[in-house]
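There are 2 protein chains.
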Amino acid sequence: MLLCDIGNTSYSFLDEERAYKESVHSFNPSSIQERLFYISVNTQVNAKLQDLPNWINLESYIDRSNYYETMGIDRVVVCEGVRNGVIIDAGSAVTVDVVRDGVFEGGFIYPGRAAMQKTYENISDALAYSFNFELNLDKMPKNSQDAISYGYLKTLFCEVNSYGLDIILTGGDALEFKKIFKDAKVETQLIFNSMKKIIQKADIC
Amino acid sequence: MLLCDIGNTSYSFLDEERAYKESVHSFNPSSIQERLFYISVNTQVNAKLQDLPNWINLESYIDRSNYYETMGIDRVVVCEGVRNGVIIDAGSAVTVDVVRDGVFEGGFIYPGRAAMQKTYENISDALAYSFNFELNLDKMPKNSQDAISYGYLKTLFCEVNSYGLDIILTGGDALEFKKIFKDAKVETQLIFNSMKKIIQKADIC
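Heads up: the protein sequence lines correspond to chains A and B, in order.
The first sequence begins at 1 in the working numbering and counts up one residue at a time.
The second sequence begins at 206 in the working numbering and counts up one residue at a time.
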């Protein structure tokens with residue numbers, strides 16, 4: 001089975017076990033002949049795919065009434081695949097979504113690592129540090145690098161832990177955040193696993 | 206008594222009760238003849254002031270050994286004036302400092318409102334909202350504006366409340382943050398009040 005998750009910059013494919021990416025600028029989706037299932041947050045790519053009957057949009061198999069209107073389909077799909085947990089998707093943004101007994105309770109959006117680092121840099125040259133993910137979260141910082149790392153990470157940690165749910169980490173920076181959320185489960189292919197569950201449930205394979 | 210707090214963009218004066226600002230680019234410090242006390246985080250302005258004997262730098266009257274080397278003198282001075290509390294200075298950055306029984310425990314730096322808003326905007330046009338400071342923090346968000354507002358504000362709220370100390374708000378955005386930290390005390394002239402305490406203690410008035 002071929003699966004595809006389309007973002008703002010790339011097509012992420014999963015071909016059985018093999019994961020690979022193609023650029024949204026250079027890749028031609030009509031070069032694929034086989035039937036495949038996709039989700040997409042990219043409206044320009046969506047327009048191209050409408051005329052390709054072998055590209056099947058999984059969005060139409062999901063009941064979105066549980067979610068909010070402007071919530072990205074990638075977040076929705078991931079929540080559909082979890083029964084109880086906090087899902088942290090750490091990419092260019094960090095989305096944090098809470099699912100309890102299979103019901104989406106809500107979620108929030110926090111800046112991704114690179115975006116936040118740039119924010120501090122732009123505020124002052126004196127704050128132009130990389131984040132220290134090995135920071136001791138039990139100790140108030142006494143140097144500039146730890147002061148921004150704590151500001152970025154401890155605040156998030158405090159909030160996420162308050163839910164008392166298992167934490168699932170996914171996205172490109174999942175392993176960095178695992179250093180902070182030590183008990184979290186890393187599931188790099190969470191989105192594809194959730195897509196598979198939806199396909200199975202809809203019996204469209 | 207004339208007091209001055211010099212930042213990266215302006216000289217902030219307090220002349221008895223009257224507070225006013227001058228731009229660091231256009232203001233000429235030698236235009237002031239009377240004796241005044243200042244602190245400054247601006248190294249360029251510092252150089253100018255060294256030849257003006259009526260400008261008295263309060264930094265030399267403070268024992269910095271309790272603090273860390275790169276900590277801005279404005280943060281240090283504010284901490285010197287507090288015996289027990291969390292001080293949130295909400296400006297271009299939000300600094301959060303903890304003082305217990307007169308001892309500085311440490312502090313962290315969080316992005317200011319404008320900087321953080323820009324961060325979300327830069328991540329995606331779909332996140333280009335103003336923050337909703339009237340947000341209900343007890344409810345997980347279900348729309349994009351609340352999702353970024355909660356990401357910015359609730360995480361900070363969670364961490365700051367965990368200290369179990371009184372909260373003092375200062376800085377240009379103090380009144381905005383007061384909507385979130387409802388029990389906090391707003392002290393817009395905290396820096397000047399702390400400067401006065403230092404002057405009194407050093408007996409240099």
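Each hint should be verified, as a subset may be incorrect.
[Claimed, not checked] Which bits of chain B does chain A cover? Going by a derived footprint, with three or more residues having C-beta under 8 Å, they are:
hint: 1; region: 318-332
hint: 2; region: 340-347
hint: 3; region: 385-399
Quick caveat, the hints were computed from the structure, so don't treat them as lab data.
C-beta atoms are modelled at their ideal positions from N, C-alpha and C, and glycine is treated no differently.
Now for the hints, and whether the structure bears them out:
no.: 1; hint: 318-332; verdict: holds (count 10)
no.: 2; hint: 340-347; verdict: holds (count 4)
no.: 3; hint: 385-399; verdict: violated (count 0)
In terms of the numbered hints stated before, the structure departs from hint 3 and from no other.
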